[in-house]
Amino acid sequence: MQEAMIKRAKELLADGTVDRVMGWKKGEFFYDHTPAVFTTAQELDDSFVCDDFTSANLSKYLIKETIKDGKILAFLKPCDTYSFNQLVKEYRIDREKVYVIGIPGGPKLDVEKIKSKGITGILNVRNENYTLKIETLYGISEMPFYEAISVKCESCKSKKHVVYDELIGEDGEVLDSNRFDMVEKLENMTSQERYDFWRSELSKCIRCNACRTVCPACTCEKCVFENPDSGIENKAAADSFEENMFHIIRAFHVAGRCTDCGECSRVCPENIPLHLLNRKFIKDINDLYGTYQAGENTTDKAPLNDYKMDDCEASIVHERGAE
Amino acid sequence: MQVNNNNEFQPLIVAFCCNWCSYAGADLSGTNRLNYPTNVKIIRVPCSCRVNPMFILRAFQRGADGVILCGCHPGDCHYTSGNYFTRRRMTLLFSMLDFLGIERDRTRVEWVSAAEGAKFAATMNEFTEAVRKLGPNRRLEDLRCRKQ
Amino acid sequence: MLRKITAAKLDQLFEAISGKQTLYIPTDREDGAAEFRKYESGMKLSNALNTVRSAKDFFFPQTENLAAFKMEGKKIEVKDIRKECEDFVIFGVRACDARSFDILDKVYLVDPVDSFYKNRRDHGTVVTMACTRPAETCFCTAFGINPTMPGGDVTAFPVGDGFFFMANTEKGEKFLAEIDHLLEDGDLSRLADVQENTRNILKKLPLANLSTDSFGGDKLNELFNSDKWAGLSESCIGCGTCTFVCPTCQCYDIKDFNTGDGIVRFRCWDSCMYSDFTKMAHGNPRVSQLERFRQRFMHKLVYFPSNNNGEFSCVGCGRCLQKCPISMNIVKVMKALEVK
Chain A
123 MQEAMIKRAK ELLADGTVDR VMGWKKGEFF YDHTPAVFTT AQELDDSFVC
173 DDFTSANLSK YLIKETIKDG KILAFLKPCD TYSFNQLVKE YRIDREKVYV
223 IGIPGGPKLD VEKIKSKGIT GILNVRNENY TLKIETLYGI SEMPFYEAIS
273 VKCESCKSKK HVVYDELIGE DGEVLDSNRF DMVEKLENMT SQERYDFWRS
323 ELSKCIRCNA CRTVCPACTC EKCVFENPDS GIENKAAADS FEENMFHIIR
373 AFHVAGRCTD CGECSRVCPE NIPLHLLNRK FIKDINDLYG TYQAGENTTD
423 KAPLNDYKMD DCEASIVHER GAE
Chain B
3 MQVNNNNEFQ PLIVAFCCNW CSYAGADLSG TNRLNYPTNV KIIRVPCSCR
53 VNPMFILRAF QRGADGVILC GCHPGDCHYT SGNYFTRRRM TLLFSMLDFL
103 GIERDRTRVE WVSAAEGAKF AATMNEFTEA VRKLGPNRRL EDLRCRKQ
Chain C
6 MLRKITAAKL DQLFEAISGK QTLYIPTDRE DGAAEFRKYE SGMKLSNALN
56 TVRSAKDFFF PQTENLAAFK MEGKKIEVKD IRKECEDFVI FGVRACDARS
106 FDILDKVYLV DPVDSFYKNR RDHGTVVTMA CTRPAETCFC TAFGINPTMP
156 GGDVTAFPVG DGFFFMANTE KGEKFLAEID HLLEDGDLSR LADVQENTRN
206 ILKKLPLANL STDSFGGDKL NELFNSDKWA GLSESCIGCG TCTFVCPTCQ
256 CYDIKDFNTG DGIVRFRCWD SCMYSDFTKM AHGNPRVSQL ERFRQRFMHK
306 LVYFPSNNNG EFSCVGCGRC LQKCPISMNI VKVMKALEVK
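As given, the protein sequences belong to chains A, B and C, one line each in that order.
Count the first sequence with the numbering used here and you get residues 123 to 445, in order.
Count the second sequence with the numbering used here and you get residues 3 to 150, in order.
Count the third sequence with the numbering used here and you get residues 6 to 345, in order.
Just so you know, the hints here were simulated from the structure itself, not pulled from any lab data.
Keep in mind it's a predicted model, so treat the numbers as computed, not measured.
There may be inaccurate statements among the hints.
Below, in silico cross-link-like pairs of lysine to aspartate or glutamate (EDC-like), each with a Cα-Cα straight-line distance of 20 Å or less [said to hold, decoys possible]:
hint: 1; chain 1: C; residue 1: Lys208; chain 2: A; residue 2: Glu150
hint: 2; chain 1: C; residue 1: Lys208; chain 2: A; residue 2: Glu257
hint: 3; chain 1: A; residue 1: Lys237; chain 2: A; residue 2: Glu250
hint: 4; chain 1: C; residue 1: Lys340; chain 2: C; residue 2: Asp223
hint: 5; chain 1: A; residue 1: Lys235; chain 2: A; residue 2: Asp174
hint: 6; chain 1: C; residue 1: Lys111; chain 2: C; residue 2: Glu89
hint: 7; chain 1: C; residue 1: Lys209; chain 2: C; residue 2: Asp198
hint: 8; chain 1: A; residue 1: Lys235; chain 2: C; residue 2: Glu239
hint: 9; chain 1: A; residue 1: Lys148; chain 2: C; residue 2: Glu239
hint: 10; chain 1: A; residue 1: Lys326; chain 2: A; residue 2: Asp361
hint: 11; chain 1: C; residue 1: Lys284; chain 2: A; residue 2: Glu343
hint: 12; chain 1: A; residue 1: Lys326; chain 2: C; residue 2: Asp198
hint: 13; chain 1: A; residue 1: Lys326; chain 2: C; residue 2: Asp62
hint: 14; chain 1: A; residue 1: Lys230; chain 2: A; residue 2: Asp141
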């Protein structure tokens, strides 16, 4: 896969179709790859990588890249193509300046998941029949492949590329995923249980803003939380109210625009399941206003920019779920 | 939250009222000498659609125990469609608050026209009682703002 | 003579300490990560090498109220809302985090002394824990830290079936005297074996040969003007993860909060990665992410040593290596800027 990608990228660079390539650059270890822009064949040969650990979504970088002159080649996984489409729809990415090559998606691995099993000093990982053989400073460890997959890949919604100029590998299908199971489980708890669950999760938040900054739907030039004129600017949550407020507003601002790419949960240093907040909005929108998938195309009206005369009343919240 | 002379809990209710309907509805209930609780503090907005989620959260932060949003009946919006957007937006917000374990009876949307002074008074009486039963807002409270 | 506690008596030890003062220990969370928590009966000491948040939180919390104001007419009343700090013990601090306290001391205990910080330092007893299983992301030795011999008031040395304790300060001696009834004499040769074993692993770490030779206060111009920064900072998304999990990042912002009834003045951590960092009346001195990114690493590798006799303000704990959303970190920066 990686070889095919490098080969194709070199061809497109050579024939002048593109002058830059957006991909991932090899890290210090086998797992810490950084999104990067490549401009020469030499750079591609030296450090381009695509493997089980290239989980970062590249779409958001294309906002910055398409402001520049020239055309850029971007390798997008199925989930990344949804983010890409959504950004095109919101006029944040200039579609003409990107050459999209769709590549197969995950499941991608997360080294933190391996470490959470107490495995440390990790030097290398091999996937043998969906068992990970983990070479460490302290000997060889093993764990099932599926226990190490990134939180964003745990309930994949689609293997289908919704936009591309060409594909490497085969296109997949929209999957019948179980992504709303956890949301449903929470909905069926009592209000006190839900409150306790979210307090224990959100109180871990250190307000690093990684969830917001990495989110392909969060593209404001200046976030309300950084704007002193907004009246709610803050750099750290001084109490539980501000913890709740940040996460409600963050999720609300991307409601109807969130493609459920899962980057927020992937990057959270405290492992807060932030995607559940986004999925709650997605589930509500699906249930109340008809199934909607952000980023599926560039034409559908976003659910919060739209209405129907016979929409349900807000009091429906009282009638749904437990207690 | 407030406490009266008998040390009883007095809920603080913030009501966002649309200038073109419920704000006039409140006036009408006054001129008709209908009673509604003094716990209700009205904030006039040009349209119910002016209220963004931050307003609701801000009200809770500063000590509200319940927040109600009143606008024109669907189809009657002064700006044609503002209240339709409000309806979707608040439905999702209230659902999210409920999801986070905030008591769902602390928030409400009600459509009250300028001619419905009686409905305004009845709604406020009923909502205030519902919030009174819930007790003080603790789950979405900013401790720094608690009155000493 | 070092005295030892057997692993079976560890719970008794924690009970004894927490009976007298607040005790914090690293413990495993449900998600497998470790964090320092206030000890409660039954809590187990984590085996993890490092906590997600560093131990600096105990001396330099993320938010802290400084003062409150109340206005009536033209009168302003200023209230001291500092809370009384009680004695506390942090158990199980690693060598890297222990060194970070020395670095923070150089910032907050020099004139003008930060009384909030000093108050906590005076009341806190630090019990460090020697490392036996360093991770691939560790590079504390590059900064002259010996993880088999961490600092702090008391050092604990794990030896499989228990821990040896060594007091390093007066506070530490007092601490050990109070728990002496739980300690016993042990075979010190085992400790030497464990340390030897750890030293061998340290030599094999992937980052064992990381060099700081190309950095320091005297290299300001060539490093600042390096053309490598553009490439390094290109993918930085500008979040504050690295700064907030870092044990030595010490910048803060002071803000006022209007409670509706008065003003609370508080300080909170700030991050040089944020667009409004050190924003002044005229605007922002660092307008691009490149400049902000450069500031963080220049501070750790050039500005700090320049002001502190060559001491770097990185302790090699590896948290930024593990937590950066896009895996850009100080090791990659050092390797890229290194003069071979």
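Quick rundown of the hints versus the structure:
no.	hint	result
1	C/Lys208 / A/Glu150	holds (17 Å)
2	C/Lys208 / A/Glu257	holds (17 Å)
3	A/Lys237 / A/Glu250	holds (19 Å)
4	C/Lys340 / C/Asp223	holds (18 Å)
5	A/Lys235 / A/Asp174	holds (13 Å)
6	C/Lys111 / C/Glu89	violated (24 Å)
7	C/Lys209 / C/Asp198	holds (17 Å)
8	A/Lys235 / C/Glu239	violated (27 Å)
9	A/Lys148 / C/Glu239	holds (15 Å)
10	A/Lys326 / A/Asp361	holds (12 Å)
11	C/Lys284 / A/Glu343	holds (17 Å)
12	A/Lys326 / C/Asp198	violated (39 Å)
13	A/Lys326 / C/Asp62	holds (13 Å)
14	A/Lys230 / A/Asp141	violated (28 Å)
In summary, the numbered hints that this structure violates are 6, 8, 12 and 14.
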